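Protein chains: 2
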Amino acid sequence: PPPPVRPEAEVPRMAAFLDNLKWDNNGLVVAIAQHADTGEVLMQAFADRAAVNETLQTGLATFYSRSRKGRWCKGETSGHYIKVLSVYLDCDRDSLIYLAEPIGPACHTNAPTCYFKQADASSGELRTAGEHSSRAHAPMTTLFALERTIAQRRAEAEAGSSTGGKPSWTAKLLANPELLCKKVREEAGELCQTLEANEGQERAASEAADLIYHAMVLLNAQGVSLEEVSKVLRSRFGTSGIEEKAARPPKA
Amino acid sequence: PPPPVRPEAEVPRMAAFLDNLKWDNNGLVVAIAQHADTGEVLMQAFADRAAVNETLQTGLATFYSRSRKGRWCKGETSGHYIKVLSVYLDCDRDSLIYLAEPIGPACHTNAPTCYFKQADASSGELRTAGEHSSRAHAPMTTLFALERTIAQRRAEAEAGSSTGGKPSWTAKLLANPELLCKKVREEAGELCQTLEANEGQERAASEAADLIYHAMVLLNAQGVSLEEVSKVLRSRFGTSGIEEKAARPPKA
Ligand SMILES: [Zn+2]
Ligand SMILES: [Zn+2]
Ligand SMILES: [Zn+2]
Ligand SMILES: [Zn+2]
Ligand SMILES: [Zn+2]
Ligand SMILES: [Zn+2]
Ligand SMILES: [Zn+2]
Ligand SMILES: [Zn+2]
Ligand SMILES: [Zn+2]
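Same order as they appear, the protein sequences are chains A and B.
So in the UniProt record's numbering, spot 33 of the first sequence is number 93, and the numbers just go up one at a time.
So in the UniProt record's numbering, spot 114 of the second sequence is number 174, and the numbers just go up one at a time.
Okay, chain A solo, but in the shape it has when bound (with noise of 0.2 Å):
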């Protein structure tokens, strides 16, 4: 991890974006920082206009402590800085987007986001991952949490406690790398006929559900998470508006 480098005063080009934010009465906006391939929501915290001249210059997310009323940059003591690849701003310029790829877990408790806690609206408590390595109760969108439901079968299957004593789909997949296999090439097929046999939209969202599904059931099986896979695609379509990239081949 890169020391973070204190920017000595804020260039003139940063003025006009800094002069543009709705600062509150204590002089600060809202800074939200999330991963930028899995969507996760790292944390949430307030910015002062240093912090997000800071942010903008080192590319380290930076925010500012109300309670230690001061700028601090994420990671200076624990080494897990949050790397921003581009900051948006909200409608009414009160509010910060930093998009952005961790560098180790984002919370200080070590979990990988702050929002560990999940409100269960029909008892009224608050369930919390058992370790707070586990993403069990964090909020994830739909594809990661697939991913996780895979990464449970799979668990429930190993500690030979499927429900009712049936094995799940996953299980009998993950059982069987012929049948995955199988599976991952007709899903295949069965997709490309949507085209082929212009079936009409809803088909071919239904079959791309079914070769995601066998797919990321194949990745687990390989101990590769779609994380990594998002890494590989945006190493090779992404573009940041921070890093200022050396042009690549065009691969799309």
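No wet-lab data here; the hints were simulated from the structure.
Hints are not guaranteed to be accurate.
If several chains are the same, the list does not tell them apart, and a pair holds so long as it fits within one copy or across any two.
[To be verified] Below, in silico cross-link-like pairs of lysine-lysine (BS3-like), each with a Cα-Cα straight-line distance of 30 Å or less:
(1) LYS226 with LYS291
(2) LYS242 with LYS232
(3) LYS226 with LYS143
(4) LYS129 with LYS143
(5) LYS82 with LYS143
Nothing here was measured: the structure is a model prediction, and the numbers come from that model.
Got chain A; can you put chain B with the ligands on it based on the hints?
For chain B with the ligands alone, coordinates are given in the frame of chain A:
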């Protein structure tokens, strides 16, 4: 869109959860509404105890407006409600995520999300989507950013303005459905081979990236979005902390 149901009062089982929250000097916490399928941060506002209570009871994102000094259910005038599937809390209990399914655009400008302005760190300029309905400068996570890139390649090819006269690989695939289907089947086979021939995790991630990219081009060719595919997967596998769902036949 359902009319919001105003809860008469806090139900007792919610008190424990609400007591847990760390309200600021104005009795507020930060509330971030995030799209459950795409991961987009839709909007950020503040919530008081009554607003969080109402969100948990109605399943519709509700906030406290600091300027109007009152509780408001997002969508109560526009009809553009945000259906909340689950609520998450951060480590120091002063920030919530409403993981949600928006009904219509989240922003009052009719943009899909409020974060449609991007800071350009090299020029200091603010880049805004040409039209509010566009997601050109919204914070997209990798897979959805790739979908946007594919759509841009298609638009460039249709406008005859491909870079340097040479059509992109994406444009070639879109112009040749036979080639596109051949590639999707081939990449599915190559992904399977990483398991069959034990080629290792790096190859598996790379082939999965190939397959996902080509499948996404095939979806673009049919006008199907990754969001629609995600919705299919959520309807098959998803569970919600707020909606009590009827038991479904197990699919995973
Ligand atoms: Zn550490
Ligand atoms: Zn705002
Ligand atoms: Zn934390
Ligand atoms: Zn199928
Ligand atoms: Zn409307
Ligand atoms: Zn907090
Ligand atoms: Zn807005
Ligand atoms: Zn190939
Ligand atoms: Zn390949």
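To see whether the hints hold, each was checked on the structure:
1. In the homo-oligomer, the alpha carbons of LYS226 and LYS291 lie at most 30 Å apart only across protomers (27 Å), although the nearest pairing inside one protomer, at 36 Å, exceeds that limit.
2. Taking identical chains as interchangeable, the C-alpha atoms of LYS242 and LYS232 lie at most 30 Å apart whether they share a chain (13 Å) or sit on different chains (29 Å).
3. In this assembly of identical chains, the alpha carbons of LYS226 and LYS143 never lie at most 30 Å apart, being 45 Å within a copy and 34 Å across copies at closest.
4. Taking CA atoms no more than 30 Å apart as the test, LYS129 paired with LYS143 passes inside one copy only; the shortest distance there is 23 Å, against 36 Å between copies.
5. Taking the shortest alpha-carbon separations for LYS82 and LYS143, both the intra-copy value of 24 Å and the inter-copy value of 28 Å come in at or below 30 Å.
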